[in-house]
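Chains as they are written, first to last, in the numbering used here: chain A, 4 to 506; chain B, 4 to 506; chain C, 4 to 506; chain D, 4 to 506.
Everything labelled a hint here was simulated from the structure, so no lab data went into it.
It is possible that part of the hints are untrue.
Note that the list lumps identical chains together, so a pair holds whenever it fits in one copy or between two copies.
Straight-line Cα separation of at most 27 angstroms, BS3-like style, residue types lysine-lysine; simulated pairs [to be verified]:
hint: 1; residue 1: LYS500; residue 2: LYS463
hint: 2; residue 1: LYS500; residue 2: LYS462
hint: 3; residue 1: LYS408; residue 2: LYS495
hint: 4; residue 1: LYS119; residue 2: LYS212
hint: 5; residue 1: LYS362; residue 2: LYS408
hint: 6; residue 1: LYS350; residue 2: LYS463
hint: 7; residue 1: LYS338; residue 2: LYS360
hint: 8; residue 1: LYS83; residue 2: LYS360
hint: 9; residue 1: LYS69; residue 2: LYS212
hint: 10; residue 1: LYS495; residue 2: LYS463
hint: 11; residue 1: LYS350; residue 2: LYS500
hint: 12; residue 1: LYS408; residue 2: LYS360
hint: 13; residue 1: LYS212; residue 2: LYS463
hint: 14; residue 1: LYS222; residue 2: LYS119
hint: 15; residue 1: LYS350; residue 2: LYS454
hint: 16; residue 1: LYS500; residue 2: LYS489
hint: 17; residue 1: LYS360; residue 2: LYS350
hint: 18; residue 1: LYS462; residue 2: LYS495
hint: 19; residue 1: LYS212; residue 2: LYS495
hint: 20; residue 1: LYS462; residue 2: LYS350
hint: 21; residue 1: LYS408; residue 2: LYS350
hint: 22; residue 1: LYS350; residue 2: LYS495
Quick caveat: nothing in here was measured; it's all calculated off a predicted structure.
4 protein chains.
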Amino acid sequence: MSNNDNGNDEAAADRDKARYRTDRRTSVQFIDLNLIRRRSSGNDKPTQSQRLTSINSNYENESNDKNASGFTDFAVRRIKHAQYGRREIEIAEQEMPGLMALRRRAESDRPLQGAKVIGCTHITAQTAVLIETLIRLGAQVRWCACNIFSTQNEVAAALAEESISIFAWKGETDDDFWWCIKKAIGAEQGWQPNMILDDGGDLTHYFHKHYSTLFSTIKGIVEESVTGVHRLYQMCRTQTLAVPAMNVNDSVTKTKFDNLYLCRESIIDGIKRCTDIMFGGKQAVVCGYGEVGKGCCSALRGMGCFVYVTEIDPICALQACMEGYKVVRLEEVIKQADMIITASGSKHTITRESLDKLKNGAILCNMGHSNTEIDVSFLRDSSTNDLQVERVRTNVDHVIWPNGKRIVLIAEGRIMNLCCSSVPSFVVSITAATQALALIELFNAPANRYKCDVYLLPKKMDEYVASLHLPAFDAHLTELTDEQCKYLGINKAGPFKPNYYRY
Amino acid sequence: MSNNDNGNDEAAADRDKARYRTDRRTSVQFIDLNLIRRRSSGNDKPTQSQRLTSINSNYENESNDKNASGFTDFAVRRIKHAQYGRREIEIAEQEMPGLMALRRRAESDRPLQGAKVIGCTHITAQTAVLIETLIRLGAQVRWCACNIFSTQNEVAAALAEESISIFAWKGETDDDFWWCIKKAIGAEQGWQPNMILDDGGDLTHYFHKHYSTLFSTIKGIVEESVTGVHRLYQMCRTQTLAVPAMNVNDSVTKTKFDNLYLCRESIIDGIKRCTDIMFGGKQAVVCGYGEVGKGCCSALRGMGCFVYVTEIDPICALQACMEGYKVVRLEEVIKQADMIITASGSKHTITRESLDKLKNGAILCNMGHSNTEIDVSFLRDSSTNDLQVERVRTNVDHVIWPNGKRIVLIAEGRIMNLCCSSVPSFVVSITAATQALALIELFNAPANRYKCDVYLLPKKMDEYVASLHLPAFDAHLTELTDEQCKYLGINKAGPFKPNYYRY
Amino acid sequence: MSNNDNGNDEAAADRDKARYRTDRRTSVQFIDLNLIRRRSSGNDKPTQSQRLTSINSNYENESNDKNASGFTDFAVRRIKHAQYGRREIEIAEQEMPGLMALRRRAESDRPLQGAKVIGCTHITAQTAVLIETLIRLGAQVRWCACNIFSTQNEVAAALAEESISIFAWKGETDDDFWWCIKKAIGAEQGWQPNMILDDGGDLTHYFHKHYSTLFSTIKGIVEESVTGVHRLYQMCRTQTLAVPAMNVNDSVTKTKFDNLYLCRESIIDGIKRCTDIMFGGKQAVVCGYGEVGKGCCSALRGMGCFVYVTEIDPICALQACMEGYKVVRLEEVIKQADMIITASGSKHTITRESLDKLKNGAILCNMGHSNTEIDVSFLRDSSTNDLQVERVRTNVDHVIWPNGKRIVLIAEGRIMNLCCSSVPSFVVSITAATQALALIELFNAPANRYKCDVYLLPKKMDEYVASLHLPAFDAHLTELTDEQCKYLGINKAGPFKPNYYRY
Amino acid sequence: MSNNDNGNDEAAADRDKARYRTDRRTSVQFIDLNLIRRRSSGNDKPTQSQRLTSINSNYENESNDKNASGFTDFAVRRIKHAQYGRREIEIAEQEMPGLMALRRRAESDRPLQGAKVIGCTHITAQTAVLIETLIRLGAQVRWCACNIFSTQNEVAAALAEESISIFAWKGETDDDFWWCIKKAIGAEQGWQPNMILDDGGDLTHYFHKHYSTLFSTIKGIVEESVTGVHRLYQMCRTQTLAVPAMNVNDSVTKTKFDNLYLCRESIIDGIKRCTDIMFGGKQAVVCGYGEVGKGCCSALRGMGCFVYVTEIDPICALQACMEGYKVVRLEEVIKQADMIITASGSKHTITRESLDKLKNGAILCNMGHSNTEIDVSFLRDSSTNDLQVERVRTNVDHVIWPNGKRIVLIAEGRIMNLCCSSVPSFVVSITAATQALALIELFNAPANRYKCDVYLLPKKMDEYVASLHLPAFDAHLTELTDEQCKYLGINKAGPFKPNYYRY
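Whenever a hint applies, use it, and build me the whole structure from the sequences.
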């Protein structure tokens, strides 16, 4: 990455985004590096110099490593930890039936034979299963991380050990980050990619900016994140989108499974691990009744909580009412709340003013997609701050008022299910299989099927993704008779619903 | 209605549809006239002559009635029963907060001032609240029934007593049916309508066919039913749609409230009223996990049933799995099922072959939108039938096998929640308020906003409908701050979600 | 019944009890005769003369009837309606697997051979199944009703048609009531009973008073009701109990099944049939969190209600908290309540003062065991009453305040699940099988096993009752290995729990 | 403890029990020392020498320590860690409202003034709150651990820092164990105790054996555990019980709260922490439907599991049926089970034979009160073992079949909620408050109220314990009116239920 890039405003903005991305809602678990640093140093306040120091420079990674086969076209932290990563990948495989079925079913015809995929995602055991699935389906791949903190080093090592060109480690600097993307693109290595799988849009952006001539061979982009999709639609509007793109983020397999069930699985687990609190009879306020809020409410009620909901959208509010949750404004119940969970997708849903009203011992955590739902600026601005913060466990702070009142703040307001819980591989399998099918679709589509626009995956493929996960539940689908097909006006193999169907 | 019409094939087809409509899924309760006849005559098989005899000819209605004010432009069964109908309407008003709020909020500016609405809907206490709401909003109306059996005569009388031109009674003949539509249109009375509110598309069809010249003053059509919307889309494709139309059927306020919660409310109630069965521990099979199936499953589990689901669509099947329902093929569990509930929207989901496998005492009922889900043809074809049918209560038959096995068939396979349960006014209020707003929107829209096409109601209006129902739950919405609006890129007053949002 | 008895104070008190009993909590459904009268006469206010007139004098019953076999030793309303009653009994048999299994399993050895049972219970299809079960087990029986209103006349006729000596009809006078008991005892007919099955204690009381010499042959009393058990314990204390007695009322099969699940089954059904209200999102207050309250809360939450609980007992209150219900004092939430359900077992849980605070349209009903939970005295005292009462349906009154506010009062505060819902036969089967086993135990027990005291059924028999009902659920018990029996110190055949086990 | 004791058979048996106790069901969390050892040594198989080596001899503890006040009459691991323990205690205090309320309410009259309590319990933050509560109520105490592994050293240090005579550390030898009990009794220190609070019966047994003459001043024993209560009843039968004893184990506050809700809170948490599995749609088998099983089933269903139950007791089985769980024999569903949870209280509920049928990846864990529910003998007998065991995480083993099938075994079959989850302080507070009240009752009872027998706490005190925990839920009790008291025949202040009431 040249100085030119650094000097340029847009690039600066990009870097801001990259930094911001460390907190972005994703489908994988990451451990906050800052917290790790603090813990190991016994120092809760990272110094500025710590912030700027890269843990690994790219050069040291590049220079030394070689896997057991002598392969060197990768950059990971410690190739020797490959076996630990392999075990993690194997465990993940057991709970990712969709991808494993895809391997088995599609392997014979290798639908990605000839595909050269550059990928930029979180590097976790779960994405490793995706990457290796793509390879089994015929693809060649080069890969990098979409987040400077989220890489599981052992997993990256395991991939490198399989002679996969991966460039990623936990704790990259911004320079490292862009260097890794560049290496993944592989132009200098003479590689000519024809597919992009992106999560966040950084790879797409960088490719567009520095390798736009290579777009001639690109068949399409698959993008998973809110942010990345947003950037694609912008390119579309400005007519700078050079190839077709698939929006995986808004597919039903993501919104109605990943968003809903991942949160249902995580909310109890995350709060328990952090606080060991009893849930029975506790008064919980869930701010926001979208898919995330719905998942949280369902789990909390299942454990005997008394659940309040806050909402801005009357339709979602009415849904909450019909399910028997009490829809309130925060200030009506804040004094009696035992825990507050933000899931609004908004900013400053909880402010200092709210905190002042909370009762002693109340728990505060964020399940929403950004880290701005709880305004924790007071934690940082020491000049005006009358509150003390005491770290009581990893990811758990007590915020202490002058009168001794303590609030339990989880993960400094960052996304709890990523910081403090685990992400069930099964749910990730659904999204990952959607990504794989999006690649297959774009790679094999006839020339004119897709224009330079942003598409949702055809419904039939969403249905296929779902069907890959049914055997894990011993679930057996019913097949339509010819007569029923005719009556319903649909094909025996689907799609079974109109595009606007809400599920 | 002239003989010409009768002689004409298309008209015959229309009549078939009209007859078919008596079984169509609707938002209101109706009582099967055939059953009433049989009961009163003590004869389970209506004779052909009974079928052909109109209970009321239009002439007798027309000739004699006059309300207390001397008004005569209506045709109902017994104007004297108006007070009973008025009480029913008053009771419904208490559970229709959306419409009542609309009256209060919009009354001052009378957004339908100048509207001349022809309506064709079921005539029930709930639609009466809608009709009178439209009038309060400034509209003039003429009304008829969309179904020959579903009119609540007392309610029709109550409307007539208010000098509303209504033409409807329970047990119309086909001739009566079209005569009433014609009277509602009111061309012969010199009326010039400018809005159409239809449920099923018959009014629209008749108007299009016989009064197409009047379309010049029509500002739009609001249609609520699956069938009617289907017909509108067909007209759209054949470019015969002469005015804009609003599709209320696929609005979120219908699919995510009416379909889901109406069924959750009705399934227990309907089966209890018919069979007095205990639900705890019963093994129930719900065929179909769409909104209707979801509502049924939720209620059944809430009462302690053990619930199986059958599905053709892998996405819905995966949802059922994630909620902890066992997804099976019917034949896997049919021998042990205590009750089978069809909610597939398909045809012949339950066949004679299935029935043969059911255990003694099993209950069979249909919650789906057509009457064809359970193939009950064997009930009618006496020549080949080895089964006996014994009516044990209204809407409850025992089907008896030669070996003595008895199956409990509810409502002859017709839609149970309409036959045997009640329809909660509250849920209807949501849909009815959507209809009212659709009229207001079309009536007041600037000239070019809507073309001759089929539209969904703008999301903001869906949200408004929802907001009208929140006070009934003491629910209080949260308001976005300016900062949050900016962050989210949305307006403080909504709409709050993109159009593709699934809720 | 002689005049002496009538003149005597104690007998007068007995009659008061008999009258009071018409409202007592029982396990069977009854239909309020007054309501029937009112309906048929179209007159909502029964006259004093109606109240005093017996619908049937005993003489007319006695004189004329004869069944198809020429048998005459019975008194029922219309022997000709026997076939209708038989069908009701057959339907009940299908949902009473415990009794039916008892017939099959115990029939070979006829454990009640030689037993001569006098029974005094409600006369319903369900008790008919019990009575005929006892006969199949070898018993001879004579039977009468424990309640002047609750007899299902067709069922009584069906029993008489089987040549069972039954003396019962709906609408007995007090004189009829005692006459029927006397006839059931059968001393004048030369019968010498040896077992008593009572529900309420009237038969026991009358027998003790007038036939105490016959106690020498009585082997024991089985009593099912709260009141009857209370009277037995009193006799025990005053040492006037002449034989052993079994308290079925406090058996686990009654308290943990009948009380809990019967109410869970009835609460939604009863309110729906009366009001057609939607439950989703409604704010319900359940007064009392005993077994009845627990059942109500569970069902209400299952339908999407928001449930508040009031309690006097901190242990039950803590249970409600742990289940996520909000425990409040009535006055805290009464203004926002949509429905109030009393299940406290107490008196005047709801007073006029509470009613004044309720909002327009609120629903008020009683699920508790007495009719005094809601103080409805204002309904009767017209002199001081500022409230109007309007009957809107059977069992549903609107109570109207001077300002127009209306409260919906169900069944005049009587027990809703008996008035307005049905009682699932399955649950009754559990209690009835317990009664049958109690008879078998007392009849066959060795001489010294039971003294003149009140006993609970041995746990092993409770377990047997439960086991009889498992096949209906396809439930399969696991059997202990010898090693496990030794480890647990229990017998392979049970009993499996200590007596104090709470379930 | 002298060699004489060691040589003696009974003492050997005692030591066996002491060792066994390390696995006994308790109300507190402990961490398996063996696992800790293994982890720190990186050696999964503890050697025999490790097993026999005491981590701390009593002498080193005794000799050196002194708290800040110069107090030395205690023996803990590291007095310097007192501040860490104090923080844990403070956190626990926030979730133990019952004990804290007891401090506030009863402090003024100090009902334990003059009490000299010897205690033998797990030493955790939660018991520390109990101990310090007793002191606030006026008691003097000396304390030791009832389990050689479960002591939280920091907590013990915190107590010692408060000059409490505590003798306990994690990893005591058997000799240490008895030495600590002896020191707690304090006879050599000239102390004369008058109350015993025991958990498991070892202190009672030791006291009875070596200090029986001191019984003359003992006013009573409070015992919490199944085992200890069992031993007391045995003493009662052999007439060797020298003082009154309170059985806390069977109080309603223990069985209906601790057993039920503690397991509901722990089951999801424990399995998640060990396996990160997704629960939605998983097929879970819960073996046993007592309070523990009920809690597990409720939580699992709340997370979307499909739940099967196995039972030996038909009454519990019928309860499971009525709640909608499918009651099966293990072999019917074992091939499809995703997880099996034992909660039977029995032995060898899961055998090798069952394990052979499980599918790949199935999870196996124990929530029951002993460690024998899952027969894991094959893990130990290497000679005959064809299975491999691979430790994948703390408390998680993969058991590997020759064909590669892997079963996930949690905590080697020990009680999962103690090994892998946390114990919510709130639930412990209920039991601990019961213990405190039992001490108060026995200490203050008039001379003749209690004989040398085993008693349950008076119901009124159970109710008081419950009432102490209601404010934490903002729960407000309703008070009976005088009229209601009279009607119900109960006192305004309770007790509110008969002794046999089941809750």
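Hint-by-hint comparison with the structure:
Taking CA atoms no more than 27 angstroms apart as the test, LYS500 paired with LYS463 passes in both settings, with 9 angstroms inside one copy and 25 angstroms between copies. Taking the shortest alpha-carbon separations for LYS500 and LYS462, both the intra-copy value of 8 angstroms and the inter-copy value of 21 angstroms come in at or below 27 angstroms. Neither within a single protomer nor between protomers do LYS408 and LYS495 lie at most 27 angstroms apart by alpha-carbon distance, with minima of 63 angstroms and 34 angstroms respectively. For the identical chains of this complex, LYS119 and LYS212 are intra-copy neighbours only, at 20 angstroms inside a copy versus 60 angstroms across copies, given an alpha-carbon limit of 27 angstroms.
In this assembly of identical chains, the alpha carbons of LYS362 and LYS408 lie at most 27 angstroms apart only when taken from the same copy (7 angstroms versus 39 angstroms across copies). When the C-alpha separation of LYS350 and LYS463 is checked against a cutoff of 27 angstroms, the pair qualifies only between copies, where the shortest distance is 22 angstroms, while the shortest distance within a copy is 36 angstroms. In this homomeric assembly, LYS338 and LYS360 come within 27 angstroms of each other (Cα to Cα) both inside a single copy, at 6 angstroms, and across copies, at 26 angstroms. For the identical chains of this complex, LYS83 and LYS360 are neighbours neither inside a copy (52 angstroms) nor across copies (37 angstroms), given an alpha-carbon limit of 27 angstroms.
Proximity of LYS69 and LYS212 under a CA criterion of 27 angstroms is satisfied in neither setting, with 31 angstroms inside one chain copy and 70 angstroms between copies. Proximity of LYS495 and LYS463 under a CA criterion of 27 angstroms is satisfied intra-copy only: 11 angstroms inside one chain copy versus 37 angstroms between copies. For the homomeric pair LYS350 and LYS500, the shortest alpha-carbon distance between copies (16 angstroms) is at most 27 angstroms, but the shortest distance inside one copy (35 angstroms) is not. Taking the closest pair of Cα atoms, LYS408 and LYS360 come within 27 angstroms of each other only inside a single copy of the chain (10 angstroms); across copies the shortest separation is 38 angstroms, beyond that limit.
Neither within a single protomer nor between protomers do LYS212 and LYS463 lie at most 27 angstroms apart by alpha-carbon distance, with minima of 34 angstroms and 39 angstroms respectively. Taking the shortest alpha-carbon separations for LYS222 and LYS119, only the intra-copy value of 10 angstroms comes in at or below 27 angstroms, while the best inter-copy value is 56 angstroms. In the homo-oligomer, the alpha carbons of LYS350 and LYS454 never lie at most 27 angstroms apart, since the shortest distance is 36 angstroms inside one protomer and 39 angstroms across protomers. In this assembly of identical chains, the alpha carbons of LYS500 and LYS489 lie at most 27 angstroms apart only when taken from the same copy (15 angstroms versus 36 angstroms across copies).
In this assembly of identical chains, LYS360 and LYS350 lie within 27 angstroms of each other by CA distance solely inside one copy; the values are 19 angstroms within and 40 angstroms between copies. Taking the shortest Cα distances, LYS462 and LYS495 sit within 27 angstroms of each other inside one copy (14 angstroms), while across copies they are farther apart (33 angstroms). In this assembly of identical chains, the alpha carbons of LYS212 and LYS495 never lie at most 27 angstroms apart, being 45 angstroms within a copy and 36 angstroms across copies at closest. For the homomeric pair LYS462 and LYS350, the shortest alpha-carbon distance between copies (23 angstroms) is at most 27 angstroms, but the shortest distance inside one copy (33 angstroms) is not.
For a Cα distance limit of 27 angstroms, the shortest separation of LYS408 from LYS350 inside one copy, 25 angstroms, qualifies, whereas the shortest one across copies, 44 angstroms, does not. Taking identical chains as interchangeable, the C-alpha atoms of LYS350 and LYS495 lie at most 27 angstroms apart only when they sit on different chains, with a minimum of 14 angstroms there against 46 angstroms within one chain.
Violated hints, listed in ascending order, are 3, 8, 9, 13, 15 and 19; each of the other numbered hints is respected by the structure.
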